[in-house]
Amino acid sequence: MDILIVEDSPTQARRLQYILEQQGYQVAHAANGRLALDAARQRKPALVISDVVMPEMDGYEVCRQLKADASLGDVPVILVTTLSDPGDVIRGLECGADNFILKPYDEHYLVSRVQFVLLNREIHQVERGGLAVEVFFNDEKHVITADRLQILNLLLSTYDAAIQRNKELGRAKEELEQRSAELAAAKQEADRANRAKSDFLSRMSHDLRTPLNAILGFAQLLEMDSLSPEQQESVRHILKGGAHLLGLINEILDIARIESGHLSLSPEPVAIGEIVQHVVELVHPLAAQRGIAFDNDAVTVCGDRHLMADRQRLTQILLNLLSNAVKYNREGGRVRLSCENVPDGRLRIKVSDTGAGIRPEKLALLFQPFERLGAEQSGIEGTGLGLVLSRGLAEAMGGTLGVESEVDRGSTFWVELALADPVAKTAAASVRPRPSGSEPDSGVTGTVLYIEDNISNRRLMERLLARRPGVRLVGVGQGQAGLDLARTARPDLILLDLHLPDMHGEEVLRRLWEDLHTRAIPVAVLSADATPAQAKRLRAAGAVAYLTKPLDVNEVLQWLDDTLAKGSHPR
Amino acid sequence: MTPGGEHDTPVMHEFKNHLAVILGFCDLLLRDLPEDDPKRADILEMRKAGHAAMALLQELSERMR
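Residue numbers (our numbering), protein chains in the order written: chain A, 1 to 571; chain B, 1001 to 1065.
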């Protein structure tokens, strides 16, 4: 049995031809309507399957001309269409089409349609030339001349197509639901893994910080003692190693916070000139050691422009970029700073050095954790985390961080952030001179209660207060014991750790405040988990100070001197 | 940085290296100071903390494997 395919797409035509030939049909193909009509006149097919959307002559017109041809009028025509428009049905009826096949079709559906149409053709003797029926659709009159059976078949095929589409939608919906469930499960697993990772890193960080704080505290105490030059050198190495490890822990924690989306930021309009100036001052001693000069004055370069950023984090990024520009520069090299406006209301701060530069294939590695591009062999200190963290911080603040480099000429690192309108200038944070509490004895007296479970930390405080003979230190390792002692011993000052075995330090603080006997005793919180938000919360809960571990021995002594000299404070 | 991930080794290495340096200088100081020097107590505290950190790292290394 001959079937004529009318299809302008060779791929579609080949597929259709293959499916039909597999079923034993003889198949001819015409690439357009005109060729199809010629082919049908030369050899009358048993069935025509025509695509609807074709150039020059569409499927409706092909069908209309076939049906108008006296010798071909009884050849059934199937139109292949998406049936996306109800008007397709009317157009199909108008042109006298016998059936629709919904596109895209599956093989089984196509074959069943073809068999159905051919079977109907054999059973029924089509009587053409019945009365024309006028149909109004979309405010237009359509004249349908097809016979009743043909109309019924065509309408049934549209109904069948709708059912077919419905089944497909049902299957797609099921698949979509399954995918959604899989995605939700994967997200849940990723979140769980992320939480586990963050928890792990937090625990590791806290656990490691405790011994490091002890090392740094005792090393600071030793530094104050009279030591031989060799011993001083040893203590300096210990302090440097401890500080490096503490910095590493903090960087790892920050990266973990960024990755888990738990980094807390306090964005505000920040005067960029001031920050750059401050960072240049911090890096200046290191630059001077290596004879490296800054080409320009940061405040002049950046003017009084403001950026929307977290002040502390922006300082951290710029300190990283500037100290890298000094560390990886050549001896006697130069560092150049510049600020330029970029589209979308952003500012790019550029830090250029005159170092060895980085080969293009190595540039991408710069932002891999612990990747130091061989600098570990050069003796230049670093963790290989600074740039990873800086980029993460810039992105967390809605900015970007990038690099351009030329071998033997140097590199330019830049950070780009949104410009902000300046706000009314608040009183500049007062920069306290570094306390020099290492004088033998300030003469203060009083009793200090230290609630801390870590024996090393209590021992450190004991050794620290040995420099204040008039001060008596009472140490306890549990929150409840601390509360009891505070009531009975009435210390002049309470130092409180947050991580206590029986209750959290914040709870101890709350109970001290609630008890009228202890409310007046000033409480200072000592903790290694120094986030600005936590410090603020503790101050609001009544703490008079928040001292971060590792303790700066001089700062603590100075603070103790000041607080004890003032006597009892109303909280 | 992922526990058990490819970056465990560098971070562990970094930690252990620096702790070893700290412990080494503690030992040097102890060797130099006479037995009755009061500063020994502080150095022994530092050494104790350094060993505690080293033990902790060892435990973490094993858990990461």
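Among these hints, one or two may not hold up.
[To be verified] Examples of chain B residues toward chain A, derived with CB under 8 Å:
1) Phe1025
2) Cys1026
3) Leu1029
4) Arg1031
5) Asp1042
6) Gln1058
By construction, these hints were calculated from the structure, which means they are not laboratory data. Each residue gets a CB set at the ideal place from its N, CA and C atoms; glycine is no exception.
Against the structure, the hints:
no. : hint    : in the structure
1   : Phe1025 : 4 Å, holds
2   : Cys1026 : 7 Å, holds
3   : Leu1029 : 5 Å, holds
4   : Arg1031 : 10 Å, violated
5   : Asp1042 : 4 Å, holds
6   : Gln1058 : 12 Å, violated
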